[in-house]
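**Student:** Below, each chain spelled out in residue letters.
Number of protein chains: 4
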Amino acid sequence: MTSTPPDVVRCAYAELVVTDLAASREFYVGVLGLVVTHEDDEAIHLRALEEYLHHSLVLRRGDVPALAVLGYRVRSPREVDVAESHFRGLGARVERRAAGATRGIGPAVRVEDPLGFPVEFFYEAEHVERLTQRYDLHGAGALARLDHFNVTTPDVPAARAYYEGLGFRVSEDIRDDEGTVYAAWMFRKSTVHDIALTGGDGPRLHHIAFASAERAQILHICDHLGALRRPDMIERGPGRHGVSNAFYLYLRDPDGHRIELYTHDYYTGDPDNPVISWNVHDNQRRDWWGNAVVPSWYAEASAVLDLDGRPRPVVERTEDREADVTIGADGFSRTRTDTEFKLGEQV
Amino acid sequence: MTSTPPDVVRCAYAELVVTDLAASREFYVGVLGLVVTHEDDEAIHLRALEEYLHHSLVLRRGDVPALAVLGYRVRSPREVDVAESHFRGLGARVERRAAGATRGIGPAVRVEDPLGFPVEFFYEAEHVERLTQRYDLHGAGALARLDHFNVTTPDVPAARAYYEGLGFRVSEDIRDDEGTVYAAWMFRKSTVHDIALTGGDGPRLHHIAFASAERAQILHICDHLGALRRPDMIERGPGRHGVSNAFYLYLRDPDGHRIELYTHDYYTGDPDNPVISWNVHDNQRRDWWGNAVVPSWYAEASAVLDLDGRPRPVVERTEDREADVTIGADGFSRTRTDTEFKLGEQV
Amino acid sequence: MTSTPPDVVRCAYAELVVTDLAASREFYVGVLGLVVTHEDDEAIHLRALEEYLHHSLVLRRGDVPALAVLGYRVRSPREVDVAESHFRGLGARVERRAAGATRGIGPAVRVEDPLGFPVEFFYEAEHVERLTQRYDLHGAGALARLDHFNVTTPDVPAARAYYEGLGFRVSEDIRDDEGTVYAAWMFRKSTVHDIALTGGDGPRLHHIAFASAERAQILHICDHLGALRRPDMIERGPGRHGVSNAFYLYLRDPDGHRIELYTHDYYTGDPDNPVISWNVHDNQRRDWWGNAVVPSWYAEASAVLDLDGRPRPVVERTEDREADVTIGADGFSRTRTDTEFKLGEQV
Amino acid sequence: MTSTPPDVVRCAYAELVVTDLAASREFYVGVLGLVVTHEDDEAIHLRALEEYLHHSLVLRRGDVPALAVLGYRVRSPREVDVAESHFRGLGARVERRAAGATRGIGPAVRVEDPLGFPVEFFYEAEHVERLTQRYDLHGAGALARLDHFNVTTPDVPAARAYYEGLGFRVSEDIRDDEGTVYAAWMFRKSTVHDIALTGGDGPRLHHIAFASAERAQILHICDHLGALRRPDMIERGPGRHGVSNAFYLYLRDPDGHRIELYTHDYYTGDPDNPVISWNVHDNQRRDWWGNAVVPSWYAEASAVLDLDGRPRPVVERTEDREADVTIGADGFSRTRTDTEFKLGEQV
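Protein chains in written order, with the working numbering: chain A, 1 to 347; chain E, 1 to 347; chain D, 1 to 347; chain B, 1 to 347.
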């Protein structure tokens, strides 16, 4: 497409449908320490401690767990109109949203993007207190800000091309020598990603991630879940990613939505930031310490809704699946041969 | 003295007189995160998160801030009787205390020790829940256990001899080449100290210290006090001690009682643990990073009570004072010459 | 000015004149752990562990310690030409630099900027190995990347206006109620600053700063200097800044150049990032924990050279000086009254 | 037995037979950062950074990897004689060792203990520099001291009775409701253990453990092994133990000897330290976060030598094995039911 895309600043908020607001609140507020900007019987609007926009996560009560929308912030009010034109040009379903249609959010455009995801573009949002230095409110597991979305989509190169058309750049990817691409990480803000594209049946939401200042906050959340006798909410980790270099932990919320806690990635803001490609057979790509990826992490993801709130049908991935090519007969992806792998290489 | 001393396990609790229980609670519970075992209008009994005895700190309401007692735990009920004999043999004032005379504490002996301090020896104490793994209750500034007492006394060698008579050993001290001793650190449990003897007008309480698992907890308490707009409660630090190698922070409670937060000292439990002597002119002895000791830290300390609850008269130190020999005309102890100092030396 | 400024990506490198390359190497490589990209008898080119451009710091041998140049990276080769036009339009002295005039740097423009600083704009630079995951090379005090410059200049509002003309935005500043501005923090990349403007006699270089991943690296460097018996190289800190929220430490290199180590600031990349103004009388503005700023930190700074390598004359600040209005008769800026200060306020 | 046991201070050193000294050196010195006190073609003597005795680990070149001896330090020279009498009374094979028979170690007694292990008791040892504050020598993965041994033995209650006869106390154990004991942790110094008894075919050495000051050192060693492309040396973890509360990591050295890195356990020095019993079906007992124990951790251990240097025959455990009763058909011990487990309970 030659139409001008909107100038996207960053991933900004997600709205998840949850089946039990009280149970979700216990997890997101009680364990993760997110701050309630507003709550009522229908929804809870949450933010992390360094965020000054109204929310970065909305939990909305519903019958079936799902992703309701992924929100990107654009650089100015005018860019909302640019987004509308761009997606109409792409032939996507597009809806204008009046200010306040989502609490705290100004005029917006929602689309069903070419990958099948419900996506919103907005600029205006209500400002609230930034709690960066309100250390009296910081728990031992304090989270600073929303970091990224990760979505499951069948055709990663196609998804990458779509996001490049939106002005995103690739920081890292996972490939094999035959040319199959298993995943790609893409960004607008100067971090490793605003969105990761994970090859698999889709459209589905793989996870959303919040960043902390240090690793200690993430380790505390593990300890906290242990104390609550809910270690089953820890799906994978903690560990160090090969891709992104981030220290990570994956949790599953009461509805099974996956939340990543994340810190220590790196600056990507220079125009020539080197792209790193990992070989799918390199068992350090997803865990630098070689710990196995649990099967559920590859297989499970959240349904996504269309703009009418109906679950989107899922299209199967037809290319090789990462789990199949990397997990051996013993259930582990750990490479036990002495084969020398190349490190993720700067291109 | 040739009488047998009681077998002391460790420093166990302190009782402080405070003038405003609510203000003290805000500091000790709200900021330091100590756990309330019991509270009423007269007193608050507190413990740190890894402690299973009833309390390690009692705050008792009174008109004048003071130290009411320093409590040592002995190894068995019989050792309480040994303590009684030992101190009667020393000619000290001695009182038996019935079980419960202090809430949560069993039969005890209280003495006015030869240094002028009110000291209690007990074995039995009520067991309460050890919260080591109750991470749901751990704040970002979680404290693990009482670590040591530090008292101000005019004659350090005399005080050292008295404590050696109680079975304590020296881990480190501060001296000069003329033979003056400025401070000594002495222990029963396998840490650098249960009691530090600081040369100065005394008897006075210099501080009590609580240990955390890592430095992050101590740094959080600084941040927390900043958020409360009470940085004036931070008297000195954070820093790394030369003596003890511990990472430290000194706070002043609402009555001016000094509390140290402390972590990273070392194991001293072997019989030949090397004694380290520091030269008083070595400006890394009290702060490994050479940061100046603030004058109040040298000058101020809490009054102590006799067994009738009356303030003890203070005897002036007649030997050189550490502050005088180390603080220069510019108000800093930092050595700006290129003189080579010897490191604290293992004897 | 109405001329188009170059599109600056970020602060990129500084060149310091040092009098003893071996002594400087011991500090920058031996203690700070910076990586040598190239060195010879005249200069050492250094980078931090996450950097892939040839260098972020050049140490060049000379007779008098000084700042030789501050380098900014622009977004494309064409922006180097834009920089040339822009500064010619400003009437500044401008020089083209051929590729390699500075080792590892492509075609560049150097100017004497209106504030009196030697500043270079470049795009092309030699790529070298990014050592982010070469943990075998990371010491306990590992530094990730250059974070910012801080310069001393007499007239902060004028300097701010100049940098706004270069497309920088303000994140925070320090003011008083009478309208005097004492300092301002300005950025291009999405951190609190690429350049801080500190009111004082200038042009002088106050410091350059490197960022680490966590606070532990900074604390280790304190411990390391203690072990070397060089605590006098620690000028101020460690502490938590009020402004920027960063955890900090100020060191002085063997020539007295000031180096800050820095971590934990916050994301500023949204267009409406709130500006925070601090009152100069708020004693938490420069240290969140209320620790005093040492006088040398206010008074001392490095000389800067003109494009011929001659020291620039220094112009005195005529407005009130921060040190004078905040440090009391006792030598401390700590506010001991109960006056309520307003927190740094979001505008 | 009614004979008096020696007064054991703590676990003090282990000697391992390794097949390639250079490869072992790369692991123990290059990765773990242990300090070489002495080395020659036959052996390397190593210590951790806070240790002042000659060594806490000896690597001796040999044909078959094995444990050569576990060394305990006793409280005085006389206690070495007490040890001799005690073990002769037990009918154990006993040998006197002259001073220097092991480099750096004074007169000693070696025994084949009733569990089949080669064990040495000594008091005198050469003092060397304690490097606690030699931060210039501390890497990012600095280890402070030897913490404990862990041995595999078929009959845990019998082994416990034997060690109680040596004056050790139990801190924690793992049991089931039918009375089978799977493991016990026993101590002399005031930590959770000097020796852990793990039920299984024995005598074999399960692992030896070194303590670090904080978790960051342990995480760095993971990162370091990742950078060396040797993540296969990480067998299990990092994680938080239920038992002991310690943060842990298990590595395998080039010969397969298992090394644990360990921090954050708790003080056990009071006479009434509560014993904690864990149910073998509680999936948080070995990992507080519920992460699965890898099968090799249960199955594999090092051979041990008799006093003539010959491998000891291994006796099979006849009681239930922990791996069998806790690992399900899916290869994970994670409990996915909602069954409420009791926490490790204080007795």
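The set of hints was computed from the structure by calculation and includes no laboratory data.
Be aware that a few hints might be false.
It does not matter which identical chain is used: a pair holds within one copy or between any two.
[Unchecked claim] Straight-line Cα separation of at most 20 Å, SDA-like style, residue types lysine to any residue; simulated pairs: (1) K189 - A161; (2) K189 - V9; (3) K189 - T4; (4) K189 - N150; (5) K189 - D201; (6) K189 - G165; (7) K189 - Y162; (8) K189 - P313; (9) K189 - R160.
All figures in this text were calculated on a predicted structure; none of them were measured in a lab.
**Student:** Hint by hint, note whether the structure agrees.
**Tutor:** Outcome of the hint check:
no.: 1; hint: K189 - A161; result: within (18 Å within a copy, 26 Å between copies)
no.: 2; hint: K189 - V9; result: both (6 Å within a copy, 13 Å between copies)
no.: 3; hint: K189 - T4; result: within (19 Å within a copy, 24 Å between copies)
no.: 4; hint: K189 - N150; result: within (15 Å within a copy, 24 Å between copies)
no.: 5; hint: K189 - D201; result: neither (27 Å within a copy, 37 Å between copies)
no.: 6; hint: K189 - G165; result: within (16 Å within a copy, 23 Å between copies)
no.: 7; hint: K189 - Y162; result: within (18 Å within a copy, 26 Å between copies)
no.: 8; hint: K189 - P313; result: neither (31 Å within a copy, 40 Å between copies)
no.: 9; hint: K189 - R160; result: within (17 Å within a copy, 25 Å between copies)
In the structure shown, a violation is registered for the earlier hints numbered 5 and 8, in ascending order.
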